[in-house]
Amino acid sequence: MSDPSVSSHTHAASVNDRPVLLDVRNLSIDYVNKDASPAQAVRELDFTLRAGEVLGLVGESGCGKSTLMLGLMRLLPPAGRIVDGAVYFQGRDLLALSEAEMEDVRWKNISIIFQGAMNALNPVRTIGDQIGEAIRLHMPRQDSAAVDARIRRLLDLVGIAGNRKDQYPHQYSGGMRQRAMIAMALACDPQIVIADEPTTALDVMIQAQILELMGNLQKELGLSIIFVTHDLGVVAELCDSVLVMYGGVTAEYADVDTIYNAPRHPYTQELLRAFPDITRPAGKLTSIPGYPPRLDDLPPGCRFAPRCPQVFGRCRQEMPPIYRLDDKHVASCFLLEGESV
Amino acid sequence: MRASYLLGKLAWALFTILFVICLNFFLFRVLPGDPVRSGVRDPRLTQEAQQAIRERFGLDKPVINCFESLNPVKSGPCLINPFETQFFLYVRNLLTGDLGISYHTNRPVSTMLGERLWNTILLIGAGQILAIILGMGLGILAAWKARTPIDFGALLFSLLAWSLPTFWLGIILLFAGSRYFNLPLGGMITPGVNFPGAWARVSDMLRHMLLPTLTYTIVFLGEYMLIMRSTLVDVLSEDYILTARAKGLNHFQILKDHALKNAMLPMVTIIALNLGFTVAGAVQIETVFSWPGLGGAIFEAVGRRDYPMLQGAFLLLAVSVIFANLGAELLYSVLDPRIRAE
Amino acid sequence: MESTSVTSLGAFWRTFRQHPMAMIGLVMLLIAIIAAVCAPLIAPYDPKAIIRITIDDIYTRPSPAHWLGTDDAGRDVFSNFIYGARVSLTVGLFASIISIFIGGTIGIVAGFYGGRTENILMRFTDIMLVIPDLPLIVVIVALTRPSLTNIILVIGLLGWTSTARLVRSQTLSVKARKFVLRAQAVGASRPYIIRRHILPLVLPLIVVNTVLVISLAILNESTLSFLGLGDPTLLSWGQMLNYAFTRGAMSAGAWWALVTPGFGIVWVVLGCTLLGHGLEQALNPRAETHHLAQLHEQVARPASAAARFAGEPMSLSSD
Ligand SMILES: Nc1ncnc2c1ncn2[C@@H]1O[C@H](COP(=O)(O)OP(=O)(O)OP(=O)(O)O)[C@@H](O)[C@H]1O
Ligand SMILES: [Mg+2]
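Going line by line, the protein sequences match chains A, B and C. Residue numbers 1 to 341, in my numbering, belong to the letters of the first sequence in order. Residue numbers 1 to 342, in my numbering, belong to the letters of the second sequence in order. Residue numbers 1 to 319, in my numbering, belong to the letters of the third sequence in order.
Mixed in with the good hints, there may be bad ones.
Stated by the list, open to error - Each computed DSS-like pair below joins lysine-lysine, with the alpha-carbon atoms no more than 30 Å apart:
#1 Lys-108/A to Lys-256/B
#2 Lys-145/B to Lys-9/B
#3 Lys-9/B to Lys-175/C
#4 Lys-108/A to Lys-219/A
#5 Lys-34/A to Lys-145/B
#6 Lys-261/B to Lys-108/A
#7 Lys-219/A to Lys-328/A
#8 Lys-9/B to Lys-108/A
Just so you know, these hints were derived from the structure itself, not from any lab. Just so you know, these numbers come straight off a predicted model, no measurement behind them.
The task is simple: from the sequences and hints, build the whole structure.
Okay, structure coming up:
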């Protein structure tokens, strides 16, 4: 089950010495809708992100990945509600900020590239204008020539000719639009870029190009990235650590080598089994039998119990706590009870 | 691409105008009343005037080739020179700006309409601009505060405003305004007064304009508000609004810089489609407030059986709407880069 | 397919009942219909009866004898008001039947057959859409005899454009559905497909549109009558307003003669509008929320939450 082709990341070891940028504690998010019980989309989530670290966030569709990311930036849809926890960015609790202070943090410190970003650009404004808007907002001391030069440099960085800045989104191809989104995400030198399935809507060739671009930019600029994906191959290539989510909770959280070579949670193991060849890109992870639970109608015990091949009696009654297996390896499964450090 | 788009729109507008001209001609020549023919015998006209009209409209000539049978008065051979038909004469007169002579005043219809056109544009313009500004403002508020009591209140108000018959609202406002606020009972300016200065004149006219404009605004406000609200809710659900929020823009900046321009596109279309109703509103309001415009002209012409005036006013109104529509199409193409750039 | 239409209409009704606005509109319309049908039972006076009046009977104030006063001819305004509902509803009903029939046919044929047929029909619709309705109706009615039948015909024959456009776009989307494509593939005839597959799915939209068309027809009729082009043998609300407005109700201060008939029009049209709005919501329930909507505070954690971690931010996940 462990795959020998997965090699240890060269800089993975050094990452653990860098300062912590983002510290997410016990974060819980509900969707509150009229005449329905709240859907527990995210529950008691903990993770940290260090400077220059790439964190992979994987899990099946609907397990709360986007909700978690939007929650960090306080951009949840109207029904969303953060019911517990804290999000420390460089020591500041983002959840305690006023809306105006939060607007200041967005994009300047944390930017986000959206899932299926085909419509993420405004169709009636030029690409350059939309990138420039972010620059003018967060770097107000630049004059218009400097903003212009910066737009060109950003587009150049993602491989788009600078003179195309005055074109509209409909004049760009899908891949170019996603590149423009990346350029926009980098516009204000953010410390953290969240990439929520940035390649899902693109065809395979373009996906590979975009991923390569992101990998290069990350190294060049020393970015911290949270990379949300279904694609375990991408995780292996880009990420330093991996957070596996199931039904809104942490299943397993460890560095990338541990996840690939010594996964301990049955869900992680099933994911890897369902996706044996990490060199071959694949679409959604659908080959685990059954479906993720409905968030407004959760099973009483472990959320994975109904589909778990190693399920036993206790799993159906109690929710397993999170067991710390070693320095940076946690997993939530009763099978690991004795191994907790 | 863009040039051909615009040319296409222009050609279509011209074709529509041609259709309206034909419709206008046949309505007045073919319908049972056969007004032109009976009009010639209108006792209000002198013998000479009657003869002049006969010649001018070629009333002794067939209506149009092969449609001879539609017109039972005279049966002649089917194929005659097309330049000798009434239709040809009608179009030729139109092109020279000749819309006939009013039965009521014995003055050229085109002159009379020309005097009234600007009054109508003044009234419609003021009413529409107010309705658009207020309607959009309310719509933006309702969309932004979607599903709150503000939103619900705005919705109820709009549905009610939409349901009010224009003329009745006018009557009620006129009744209240003239009784309790000492506003004029109608017209555009107090007759027989020597105004000491331009300002006195303008303020007198504004007093006359107040109620008709208010009626106009209320009647159209509701619909614009409803459309603005639903369009804006759609736009605000788009992904690029979430991008704008993620970029750190505040609500005001998002509405101003991202949402409104996109919402304007459907608004322009709807306003264009509504121009027909605008004209319907003008007919009613000008009637109630005795405003000397084109809409009022239609009402007066009906009452006086002044068919040339009725025909001319209808034609001018229809053509104005067609041109306004064309203007909206052009505006749309300027606003939407997907049309502009190609 | 028969059952599909029945169940979808059933589901439609269930959703519809949940919209209070639509129910209020429906009740308002039902009240108007009952008043029209039972007019002789409700109205205290017969508007057609010949009465002898003196100058003192004109525009008398509301009193126990005349609840809503009298009009310019000494007739009971309340009785006329009740009977007026008959004209409005008749015109609304019959004119809208004509409009819906024409608009529905044009829309379905254009949408389903496509190609040149569609092109010609929709071009024609566009032209009719741009020609201002009311002046055209006024012109035609002025040139013909203003009888009830003529008014219904003219309003009906000119009121179909919005229906045609709506029905066409709905037909286009239904046409692309799998079962229609399958029916075409197995060689079902076009009229059969239209009857069995298209119509049931376009019908709910037509029902919603009918309500709107009725209200427009009623507004047009009352405007026409107000402009003096109503059927002179009938007393509709528009006609009552015409008489009141042109025969001195303004200067007599007879607000009852001016307010009452207009109230009738607003009642019926508002009923239609509420019903139509509610039906539309039932037909296309839309998520009425968006990225700027705020239903509650996004961050709603217990006060303890912030304090719980406050002492130890920045700590590593490892101990
Ligand atoms: N407004 C809402 N009301 C109730 N539930 C919601 C709402 N929005 C999302 N959800 C639910 O929250 C859960 C998490 O959704 P989320 O979009 O975060 O999943 P995801 O992991 O990003 O999935 P994907 O991989 O498909 O993007 C889903 O089960 C979804 O049905
Ligand atoms: Mg997602």
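To see whether the hints hold, each was checked on the structure:
1. Lys-108/A to Lys-256/B: 21 Å, holds
2. Lys-145/B to Lys-9/B: Since the Cα atoms of Lys-145/B and Lys-9/B sit roughly 38 Å apart, the hinted pair is violated (cutoff 30 Å).
3. Lys-9/B to Lys-175/C: 29 Å, holds
4. Lys-108/A to Lys-219/A: 19 Å, holds
5. Lys-34/A to Lys-145/B: 17 Å, holds
6. Lys-261/B to Lys-108/A: Holds. Lys-261/B to Lys-108/A sits at ~26 Å (cutoff 30 Å).
7. Lys-219/A to Lys-328/A: Since the Cα atoms of Lys-219/A and Lys-328/A sit roughly 23 Å apart, the hinted pair holds (cutoff 30 Å).
8. Lys-9/B to Lys-108/A: Not satisfied, since the Cα-Cα distance of roughly 46 Å exceeds 30 Å.
Of the hints listed earlier, those the structure fails to meet are numbers 2, 8, in rising order.
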